[in-house]
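Enquirer: Protein chains in written order, with the working numbering: chain W, 1 to 123; chain S, 124 to 333; chain E, 334 to 721; chain H, 722 to 936; chain Z, 937 to 1152.
Errors might be hidden in some of the hints.
Unchecked claim - In the DSBU-like style, the derived pairs of lysine-lysine whose C-alpha atoms are separated by at most 30 Å in a straight line are:
#: 1; chain 1: E; residue 1: Lys641; chain 2: H; residue 2: Lys893
#: 2; chain 1: E; residue 1: Lys643; chain 2: H; residue 2: Lys895
#: 3; chain 1: E; residue 1: Lys406; chain 2: Z; residue 2: Lys1047
#: 4; chain 1: E; residue 1: Lys524; chain 2: H; residue 2: Lys736
#: 5; chain 1: H; residue 1: Lys777; chain 2: H; residue 2: Lys876
#: 6; chain 1: H; residue 1: Lys893; chain 2: E; residue 2: Lys650
#: 7; chain 1: H; residue 1: Lys806; chain 2: Z; residue 2: Lys938
#: 8; chain 1: E; residue 1: Lys490; chain 2: H; residue 2: Lys729
#: 9; chain 1: H; residue 1: Lys729; chain 2: E; residue 2: Lys641
#: 10; chain 1: E; residue 1: Lys390; chain 2: W; residue 2: Lys54
#: 11; chain 1: W; residue 1: Lys43; chain 2: S; residue 2: Lys136
#: 12; chain 1: Z; residue 1: Lys1006; chain 2: E; residue 2: Lys406
#: 13; chain 1: E; residue 1: Lys585; chain 2: Z; residue 2: Lys1139
#: 14; chain 1: H; residue 1: Lys895; chain 2: E; residue 2: Lys490
It should be emphasised that the hints constitute simulated quantities derived from the structure, not laboratory data.
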Amino acid sequence: MASSPYFSLAILFLAALGFGLAPLGLAVAWAKLVSPAKPNAIKNAIYECGLESKGDAWVQFRSAYYLYAIIFLIFDVEAVFLVPFAVAFTGLGISACVAMLVFVLLLAEGLAWAWAKGVLTWA
Amino acid sequence: MAVEDKLKIELGKQGVFVTTVNEIYNWGRKNSVWPLQFGLACCAIEMIATTMARYDLARFGAEVFRPSPRQADLMIISGTITKKMAPQVVRLYNQMAEPRYVIAMGACAISGGPFKQGYNVLKGIDRYIPVDVHIPGCPPRPEALIHAFMTLQAKIDAQPLTGTERPRHLDAAAMSEFPVPTQGAHDLEPPANRLVWPLPAPVASGENCG
Amino acid sequence: MSHSSTAEMKVYRPPVVDIIEEGDELLEVAMGPHHPSTHGVFRMDVALDGERVIRLKPVFGYLHRNHEKIAEKASYLAAMPYTDRLDYFCSLTNNWAYALAVEKLAGIEVPERAEYIRVITAELTRIQNHASSIGFLMQEMGASGTPLMYAFREREKILDLFEELTGSRMMCNYMRFGGCRVELPTGWLAKAQTIVDGLPGFIDEIEALLTGNEILMARTQGMGVLKPDLAINAGVTGPMLRATGVNYDLRKVDHYGIYDRFKFRVPLGDHGDIFDRYMIRILEMRESVTILHQAIKDIPAGPIMDPKSKIRGFRPKPGEAYGRIEAPKGELGFYLISDGSGNPYRYRVRPPSLINLTILEDMCLGQNVADVVLIFGSVDIVLGEVDR
Amino acid sequence: MLGEGILKGLGETAKNFAASFVSKDRLTTIQYPEERAPVIENTRDFPFLVYDGEDKMAGLRCVACQICEKECPPKCIYIVKSTDKKPDYVGKPQIYPARFDIDISVCMSCQICVEVCPFEAIKMDTEFELSTTDRFGGLLYDRDQLARSNQHYHKIHPTEAAEVDARLAEEKAKSEAKAKAAAEAAALKAAAAAAAPKPTPAPAPAPVSVKEPTA
Amino acid sequence: MKSTEEILALIHAALPAANVELVLNPSPCAQHSLRVAPADAFAVASFLRESDELALDYCSNVTGVDWPDKEITEKVKVTQLVDGEEKIVEETIKRIEPGYLESVYHLYSIKRAHEAIAGPVVLRMRTINRTDQVQLPSLTFVWRAAEFQEREVFDLFGIVFTGHPDLRRILMWDEFEDHPMRRDYVDPDDYEYEPTPHDEVLKRAEQQSKPTGVTA
Chain W
1 MASSPYFSLA
11 ILFLAALGFG
21 LAPLGLAVAW
31 AKLVSPAKPN
41 AIKNAIYECG
51 LESKGDAWVQ
61 FRSAYYLYAI
71 IFLIFDVEAV
81 FLVPFAVAFT
91 GLGISACVAM
101 LVFVLLLAEG
111 LAWAWAKGVL
121 TWA
Chain S
124 MAVEDKLKIE
134 LGKQGVFVTT
144 VNEIYNWGRK
154 NSVWPLQFGL
164 ACCAIEMIAT
174 TMARYDLARF
184 GAEVFRPSPR
194 QADLMIISGT
204 ITKKMAPQVV
214 RLYNQMAEPR
224 YVIAMGACAI
234 SGGPFKQGYN
244 VLKGIDRYIP
254 VDVHIPGCPP
264 RPEALIHAFM
274 TLQAKIDAQP
284 LTGTERPRHL
294 DAAAMSEFPV
304 PTQGAHDLEP
314 PANRLVWPLP
324 APVASGENCG
Chain E
334 MSHSSTAEMK
344 VYRPPVVDII
354 EEGDELLEVA
364 MGPHHPSTHG
374 VFRMDVALDG
384 ERVIRLKPVF
394 GYLHRNHEKI
404 AEKASYLAAM
414 PYTDRLDYFC
424 SLTNNWAYAL
434 AVEKLAGIEV
444 PERAEYIRVI
454 TAELTRIQNH
464 ASSIGFLMQE
474 MGASGTPLMY
484 AFREREKILD
494 LFEELTGSRM
504 MCNYMRFGGC
514 RVELPTGWLA
524 KAQTIVDGLP
534 GFIDEIEALL
544 TGNEILMART
554 QGMGVLKPDL
564 AINAGVTGPM
574 LRATGVNYDL
584 RKVDHYGIYD
594 RFKFRVPLGD
604 HGDIFDRYMI
614 RILEMRESVT
624 ILHQAIKDIP
634 AGPIMDPKSK
644 IRGFRPKPGE
654 AYGRIEAPKG
664 ELGFYLISDG
674 SGNPYRYRVR
684 PPSLINLTIL
694 EDMCLGQNVA
704 DVVLIFGSVD
714 IVLGEVDR
Chain H
722 MLGEGILKGL
732 GETAKNFAAS
742 FVSKDRLTTI
752 QYPEERAPVI
762 ENTRDFPFLV
772 YDGEDKMAGL
782 RCVACQICEK
792 ECPPKCIYIV
802 KSTDKKPDYV
812 GKPQIYPARF
822 DIDISVCMSC
832 QICVEVCPFE
842 AIKMDTEFEL
852 STTDRFGGLL
862 YDRDQLARSN
872 QHYHKIHPTE
882 AAEVDARLAE
892 EKAKSEAKAK
902 AAAEAAALKA
912 AAAAAAPKPT
922 PAPAPAPVSV
932 KEPTA
Chain Z
937 MKSTEEILAL
947 IHAALPAANV
957 ELVLNPSPCA
967 QHSLRVAPAD
977 AFAVASFLRE
987 SDELALDYCS
997 NVTGVDWPDK
1007 EITEKVKVTQ
1017 LVDGEEKIVE
1027 ETIKRIEPGY
1037 LESVYHLYSI
1047 KRAHEAIAGP
1057 VVLRMRTINR
1067 TDQVQLPSLT
1077 FVWRAAEFQE
1087 REVFDLFGIV
1097 FTGHPDLRRI
1107 LMWDEFEDHP
1117 MRRDYVDPDD
1127 YEYEPTPHDE
1137 VLKRAEQQSK
1147 PTGVTA
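If we strip away everything but chain W, and leave its shape as in the complex, we get:
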């Protein structure tokens, strides 16, 4: 069992996970066990600069904001695809670079079109 190459990797992964989650776990345990939860109506009310909040926030808002978010999402996912390419970058030939260039330029052209259409004007 100890001989499989991935065993040390698993140990390191668990250690990293534990290192991250242990303080959080301690804090949650402390909050549950020692300090009592004391919610009340005023404490749970919506904070609006010290006033009681009138009206609700579920209101129509401009569609530009939604499109802004979608365009950001595209490039976010593109970055995820670039990661394996960047990791193996030294071992790759020219053809891989050209393929990745096509991928990047395709999305850049999409952004240029959106910009020209004026989707990104915020006001």
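With the hints as your guide, set chains S, E, H and Z onto chain W.
Expert: Frame of chain W, contents of chains S, E, H and Z only:
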């Protein structure tokens, strides 16, 4: 098992640190008291001057002024609380997460100060919410605010984790909801929160505290 | 200066921004009494369409400390320390305005040296007020910390001067009816001279840090524009009025104090936007430095208090008077009615901050919420003076 | 070119950062509890009552004339007069305050009480580390907590204290001179009465009246 | 700038029907004022602003003043039949002079700012009484500066400015009912305990319990 200080210092020199959960708990909380960004009047300017370069409040771990009450554990009431602002102050205090502390900075926050003869001025915030440290002065010097921080840190340090002396936030029975006064036709209703208003002993026995 | 005709007088409010149709749901939000951008407890009820402001109703009164009611019950002298707490950045100019009004009411002369001390302390107050207001404006623009730290470093030096002279950093309570309370301590003028010599260096440092900055220019030029005739009609005074190009500075218009003896210029803007107000405050600081140089150089010896004036039991003859000065935020006026008794019958403060906010909604309509914060910051108000 | 202004700004802060290693005056922070700023002489925080000599009660200059109580803008002084009298620094029996409370949670340290006090009895202290957790016990100072010696006054406000002492000494000298003059006049009159005993009854000896120190 | 008498003459020349009179100010600064009847206040104000000679285009200050009912005791010479023959007898009669509320406007000229300077031009208007007829015309449409200041005078004195675009309370909260700056306003009884009580608070302290400081 109380650890004598001499032994603790001795061990400390050799790099061994002996402590109790209570000390670490209080040490952690007292050195990172995050104040609420909450300035009312002239004392707020002295509070801002305290966070600036000359009287650096960052040395006490308190220069992070959080705008939202959810992330703050100290409310520095710096300035005059008028009757129009009092409900907002009490609501903000309620919306702060426990453990929460209050520093009444300046004469106006403690007792209405020079404006106590005004018709729209609340004569001291300790009529509605419990106050931990009072700083006299109008406005108190930045060093006086830092001295108040040290008083507050000493008070936090002395809080035991269990037993009757334990702080409000560890005590399930302690009051954690402070009713917000409403604005009536002539004055705030109720004029004071009887459970909180610390009337001095001889007068409290008198019939005036209703 | 075109005068709006009578017909136009009826059109009192600019039309609400016309991009919304009826039935559009607006987001009602309160930039309320507890908000990082409101310089204290001030509330704006804002109706938003997305990020653009459609309606903005300012709400005052959260710091209404009844200054006038207390002053009417107190004696003339007892009202003086309360004037420190009006505009708590500039206590000496508040004192001077109140002392000037009472001197007009009772006809008291002020000796030469006291006039010089009043000019020196007023100009020092103007410099530290403009530096702080620029620091807070940059703080709201996102440059959190650096400009404010530089401004407060300079302000601390000036506050040390005030503390040596009057005993308190912010609440000086220094002027009396007919002069000043305390003679200058020995060596105070020399210290003042060294600090005034250091000020041009500080102003150059702030200009190098800020004026050329592209982000500052992009966010402030053309933002919150104010037309000259609307500014005059709305009673706007101080740097905001001069930013629209109107040449109205009480030190030149009213000839109060001894400002006629000093050579200084009045900077005027031409667009009336936030960048002009920022530049006007920088240039006014430089003009104050020139005034200070001249005043410190030829301050005469002599008494600092008119011997006839009494401190206790001061009873001016019946009558009324309105005295005003050029405070750093605008025209600060005191209107006093005396009925011959020991306390004023009517005591009214003309607050420049409150009246400069009359046209806040006109400037903010159609702007983004982030710019509303900037426009409000460029007006430079202090809540103690707005709500009194 | 775009960004030139920002670079100039960064250069400014970089210069400040680099110079702070060289010139000490760019480091403006005062590490408060350990290192304190020099106390400025004119500083005023809260009033205190001055007494001469060692005994707090005997040397108290205050004569409970309640001028400061009437003139105090926020009305934070509360005085109850004493029924008996005690001699003051000139030796004339004066009333003293049985109770002299100052509520420093109301005081706005405006020093008007110092300005209007005719007896130099109340001065402004420079003590500011007064933050307490107790609202009523810690912030209501009574006469004993307020009384401080004249030496303390000399320590915190040297020049002002010197002027005050000079004025008091000169007043004392004047009143003693007047007392001596009154005594001589009385002695002269008594001698004249003794030298010429007329049948009319001897004039009643002039009452020795020590003139009140200039109120 | 002209003296107040000349301005009065100018107004009478332009608006003969206007009921404007001079009010002298005994103080050395001699800032005399013009009392205007509320009916033609708007006309006089627009004239003052529009006239090229005066150009009072800047309204610096709007104040409310409360003059409560004054009880005047006068010594009046009355001829009376005293035991058969006429005699001048001095009699003191008490007369209640009805009070009123007043709004005062201080006007300056920015257009003519750099010519000769005299005191402000002061306009005063009186209400009929202090209880129900407290209406005065609002001058916000002439000088926009008066908008917030008139709202404050309404809030603290109770003068109702007819024609004001947005007359709400500006300083006190909306549910507040009194007008606190009036001379006869009684403070709310929110007394709890004060270590150093004075005058009326002292009386209340004595009623409730011995006004003890904690230490005494």
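Enquirer: Each hint needs a verdict: does it hold in this structure or not?
Expert: We went through each hint and held it up to the structure:
| no. | hint | result |
| --- | --- | --- |
| 1 | E:Lys641 to H:Lys893 | holds (27 Å) |
| 2 | E:Lys643 to H:Lys895 | holds (25 Å) |
| 3 | E:Lys406 to Z:Lys1047 | violated (39 Å) |
| 4 | E:Lys524 to H:Lys736 | holds (26 Å) |
| 5 | H:Lys777 to H:Lys876 | holds (18 Å) |
| 6 | H:Lys893 to E:Lys650 | violated (38 Å) |
| 7 | H:Lys806 to Z:Lys938 | violated (64 Å) |
| 8 | E:Lys490 to H:Lys729 | holds (26 Å) |
| 9 | H:Lys729 to E:Lys641 | violated (57 Å) |
| 10 | E:Lys390 to W:Lys54 | holds (15 Å) |
| 11 | W:Lys43 to S:Lys136 | violated (46 Å) |
| 12 | Z:Lys1006 to E:Lys406 | holds (19 Å) |
| 13 | E:Lys585 to Z:Lys1139 | violated (52 Å) |
| 14 | H:Lys895 to E:Lys490 | violated (44 Å) |
Violation of the numbered hints given earlier is confined to hints 3, 6, 7, 9, 11, 13, 14; the remaining hints are satisfied by the structure.
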